[in-house]
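S.K.: Construct the entire structure; sequences and hints are all you get.
Note that the protein sequences, when read in sequence, are chains A and B.
Per our numbering, the very first residue in the first sequence carries number 2; after that it's consecutive.
Per our numbering, the very first residue in the second sequence carries number 28; after that it's consecutive.
FYI, nobody ran anything at the bench for these hints, they're computed from the structure.
All C-beta atoms in this analysis are idealised placements derived from N, C-alpha and C, irrespective of residue type, glycine included.
One-sided excerpt, in silico: chain A residues whose CB lies under 7 Å from chain B: (1) F161; (2) N162; (3) L163; (4) V167; (5) A171; (6) A181; (7) M288; (8) I301; (9) F348; (10) R360; (11) R366.
Straight line, CA to CA, 30 Å or less: simulated DSS-like cross-link-like pairs of lysine-lysine: (12) B/K347 with A/K250; (13) B/K230 with A/K362; (14) B/K232 with A/K47; (15) A/K43 with A/K362; (16) A/K362 with B/K232; (17) B/K314 with B/K257; (18) A/K52 with B/K230; (19) B/K232 with A/K52; (20) A/K47 with B/K230; (21) A/K362 with B/K237.
Ranges of calculated distance between the beta carbons of each label pair, as one might list FRET restraints: (22) A/A149 with B/A35: 41 to 47 Å; (23) A/M81 with B/L128: 43 to 49 Å; (24) A/A149 with B/F334: 23 to 29 Å.
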Amino acid sequence: MHDLNPTDVNKETDVTVDTRDDAKTTATSTTKAETTTKADAKAASKARRGKLFADLAPLIGLAVLAIAFVLVGTSSGTNMGYAVETLINQSVIIIIIATGAIFIFAMGSFDISLGASTLVAAMVAGLVHNATGSLWLMLGAAILTAVATSLISATLAAVFNLPVFVTTVAMLSVLGAVAAALVQTTGGAQIRIDRAFSREYDTLAVKLIVAAVFLALCVFLFNYTRLGRVEKLVGGNPMTAKLTGVSMKLTAIAAFGIAGLGVGLGAFLTVLRTPTLTVTSASDIGMNILVAMVFGGMVISGGPRSRIYAAIIGGISMALLNQTMSIMLQGMAGGAGIAQMVRAVLFLAVVWLAASGFRTKVLPR
Amino acid sequence: MGSFMQRATGTLIIPVGVFAVVWTLATLDGASLFSSGDSLLILARATAVTMLTTMALAINLNSGRFDFSLGAMALASSTIGASVAINVGGGFPVMAAVTVLSGALLGAFSGFLYVTLRISPLVSSLGVTLLYEGLAFTITGGGNISFTQYPELVSFGKSLVAMTAVIIIALIGVYTVFDRSRFGSDYRSLITGQAAAVSAGVKEKGNAIKTYAVSGALMGVVGLIQASSKGLIEAGSINFSTIGIMFTAFLPMFVGGYIGRYSNDKLGYLLGALSMSVIGLGYSALKLTSAQQSLITALLLVVFLIFLSNEERVGRWWRKVKGGNRTPQQPSDTDAAQSVGTGAR
Numbered sequence: 002m003h004d005l006n007p008t009d010v011n012k013e014t015d016v017t018v019d020t021r022d023d024a025k026t027t028a029t030s031t032t033k034a035e036t037t038t039k040a041d042a043k044a045a046s047k048a049r050r051g052k053l054f055a056d057l058a059p060l061i062g063l064a065v066l067a068i069a070f071v072l073v074g075t076s077s078g079t080n081m082g083y084a085v086e087t088l089i090n091q092s093v094i095i096i097i098i099a100t101g102a103i104f105i106f107a108m109g110s111f112d113i114s115l116g117a118s119t120l121v122a123a124m125v126a127g128l129v130h131n132a133t134g135s136l137w138l139m140l141g142a143a144i145l146t147a148v149a150t151s152l153i154s155a156t157l158a159a160v161f162n163l164p165v166f167v168t169t170v171a172m173l174s175v176l177g178a179v180a181a182a183l184v185q186t187t188g189g190a191q192i193r194i195d196r197a198f199s200r201e202y203d204t205l206a207v208k209l210i211v212a213a214v215f216l217a218l219c220v221f222l223f224n225y226t227r228l229g230r231v232e233k234l235v236g237g238n239p240m241t242a243k244l245t246g247v248s249m250k251l252t253a254i255a256a257f258g259i260a261g262l263g264v265g266l267g268a269f270l271t272v273l274r275t276p277t278l279t280v281t282s283a284s285d286i287g288m289n290i291l292v293a294m295v296f297g298g299m300v301i302s303g304g305p306r307s308r309i310y311a312a313i314i315g316g317i318s319m320a321l322l323n324q325t326m327s328i329m330l331q332g333m334a335g336g337a338g339i340a341q342m343v344r345a346v347l348f349l350a351v352v353w354l355a356a357s358g359f360r361t362k363v364l365p366r
Numbered sequence: 028m029g030s031f032m033q034r035a036t037g038t039l040i041i042p043v044g045v046f047a048v049v050w051t052l053a054t055l056d057g058a059s060l061f062s063s064g065d066s067l068l069i070l071a072r073a074t075a076v077t078m079l080t081t082m083a084l085a086i087n088l089n090s091g092r093f094d095f096s097l098g099a100m101a102l103a104s105s106t107i108g109a110s111v112a113i114n115v116g117g118g119f120p121v122m123a124a125v126t127v128l129s130g131a132l133l134g135a136f137s138g139f140l141y142v143t144l145r146i147s148p149l150v151s152s153l154g155v156t157l158l159y160e161g162l163a164f165t166i167t168g169g170g171n172i173s174f175t176q177y178p179e180l181v182s183f184g185k186s187l188v189a190m191t192a193v194i195i196i197a198l199i200g201v202y203t204v205f206d207r208s209r210f211g212s213d214y215r216s217l218i219t220g221q222a223a224a225v226s227a228g229v230k231e232k233g234n235a236i237k238t239y240a241v242s243g244a245l246m247g248v249v250g251l252i253q254a255s256s257k258g259l260i261e262a263g264s265i266n267f268s269t270i271g272i273m274f275t276a277f278l279p280m281f282v283g284g285y286i287g288r289y290s291n292d293k294l295g296y297l298l299g300a301l302s303m304s305v306i307g308l309g310y311s312a313l314k315l316t317s318a319q320q321s322l323i324t325a326l327l328l329v330v331f332l333i334f335l336s337n338e339e340r341v342g343r344w345w346r347k348v349k350g351g352n353r354t355p356q357q358p359s360d361t362d363a364a365q366s367v368g369t370g371a372r
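M.R.: Set out below in structure tokens:
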């Protein structure tokens with residue numbers, strides 16, 4: 002593969018100088034230059050195709066998984082209506098939280114405490130509901146707790162110049178301790194809200210409305226406002242962003258605030274879906290958010306290649322894969338382990354394809 | 028001599044300070060750090076596990092490679108080792124050899140995936156975590172492996188001598204491999220200047236795979252210690268439930284990085300792990316709940332990071348308080364907090 006690089010430009014410049022010497026050299030050099038230009042154009046075209054394929058890889062993965070889900074589901078006589086409902090239930094919380102988190106990841110930052118933050122916000126929401134009986138106060142408590150938690154991480158990192166990732170590692174432990182303390186306030190090992198109340202609102206309509214409103218807000222902010230552009234600029238080149246007057250601290254705080262809003266809404270839906278919360282509830286959400294984003298084509302280092310739709314594509318893809326594997330491996334001993342290995346292989350394959358147009362000579366870090 | 032004193036002070040101030048503070052708090056509370064006969068064993072075992080995990084994390088993180096799969100490698104390797112020892116026989120030597128070898132192979136495979144796929148190491152490690160957790164689950168059908176009925180398999184994790192030997196051998200081994208070998212020179216050159224080192228002929232792919240293999244072998248030993256001390260392997264852990272062990276290594280890693288400025292970072296990881304284990308004994312002596320322990324450990328991490336990231340500011344403030352204008356000698360190493368890249372800011 003022949004990429005355009007500074008060396009090629011120098012070669013062309015040298016050729017131009019040579020053509021001044023004599024006509025024979027000019028003819029030879031011109032032929033060489035034409036050949037080089039053609040080769041470069043071919044290489045550029047190949048690179049463009051590679052990048053297009055890389056961009057489409059997550060969508061292709063989604064389409065393949067959707068076809069597999071329908072084929073496996075119908076051939077095994079599965080109730081597809083119920084399977085689709087389960088699929089939405091499985092993916093909607095992940096999609097909401099992951100979409101908000103894209104604002105953090107687009108900056109090249111990394112928050113590992115999102116799962117723990119979801120649990121604490123859900124627990125606070127549950128306690129508020131038990132104290133007041135109000136749905137709206139419960140929603141408000143979930144959002145306020147999650148945004149506050151998120152902003153604490155951002156402020157700590159911004160004020161004390163701490164690496165964001167390690168700050169969120171510390172927050173993970175703090176939130177785990179807070180969750181344990183919240184559970185102890187009830188005198189038992191769990192926080193429970195009225196099941197009849199949760200069933201009333203744990204409906205597809207509520208989930209889809211919450212998801213649609215939040216996703217529309219995120220798409221608008223990320224794709225059509227200065228905030229989204231700045232997030233990608235900071236992720237792509239923080240020095241340039243700083244030199245162009247971007248406030249890194251405010252940008253980080255805005256990103257964490259939006260992510261906090263997503264976590265709050267996710268926590269609200271979590272407490273409706275799982276009215277009995279323990280310290281282990283939502284324990285896998287944090288990592289599944291990460292997997293969903295990457296599966297959907299999100300670049301972990303952030304920057305201009307960040308896509309707000311990554312969480313949606315990845316979240317649905319993961320849910321489709323889980324559902325398909327559940328149907329296929331039903332009743333098999335160790336089936337969950339095999340399903341997880343298949344998930345790992347597909348995850349790596351999709352990420353590899355998505356990165357295919359962006360390889361460097363040295364290993365990525 | 029002054030230089031020696033400075034290095035010795037810098038190396039020992041944290042472990043000695045931690046011991047003094049924890050011992051004082053325990054004494055004030057009327058408790059003892061070494062109240063039971065097993066206290067020294069618990070200290071040695073915790074130090075061994077934390078030191079090995081910290082080394083396994085740090086050797087890749089120093090190169091900007093974040094690895095979520097450490098816990099999964101410990102789980103999968105110990106599952107393989109225990110299964111072979113129980114089904115084939117051979118007792119502890121077979122279990123130990125198979126576990127550590129499996130760890131090294133799993134680590135090498137993880138590195139092979141990374142260099143072959145050429146994707147972000149963090150992302151690659153997510154896939155590897157899922158893969159190895161799934162592997163352990165599939166081997167046992169989701170159940171636990173219990174071998175408390177085999178005394179020879181559980182004696183290793185309950186021996187103070189064995190734990191001390193593990194610490195010494197691992198420290199000397201990792202020091203030799205990374206600080207006293209051609210491989211180690213290449214490894215360090217890739218850390219300080221990746222592109223330049225590759226241009227100069229350093230084989231980056233081979234170096235990365237070997238580093239992952241060492242990391243896997245270290246986690247194999249961790250898996251062996253944990254399995255042997257409990258007589259049980261919870262092989263049904265899936266959905267990223269193995270990543271928790273990695274978080275225990277962050278504070279000792281930063282402490283190790285700090286100590287490394289004055290002596291050697293590998294010795295720093297040992298002293299950082301020892302400090303954390305002493306704090307653990309303090310938690311037990313003071314009868315703190317697990318929530319309180321998590322909170323205090325997290326606060327210690329944040330406070331230490333704030334210190335590392337603002338050391339210059341703290342130094343300026345200290346000089347101002349002392350009223351002196353002498354510029355103190357700055358450590359030549361980069362800031363520990365900055366020197367460990369996560370691939371994310």
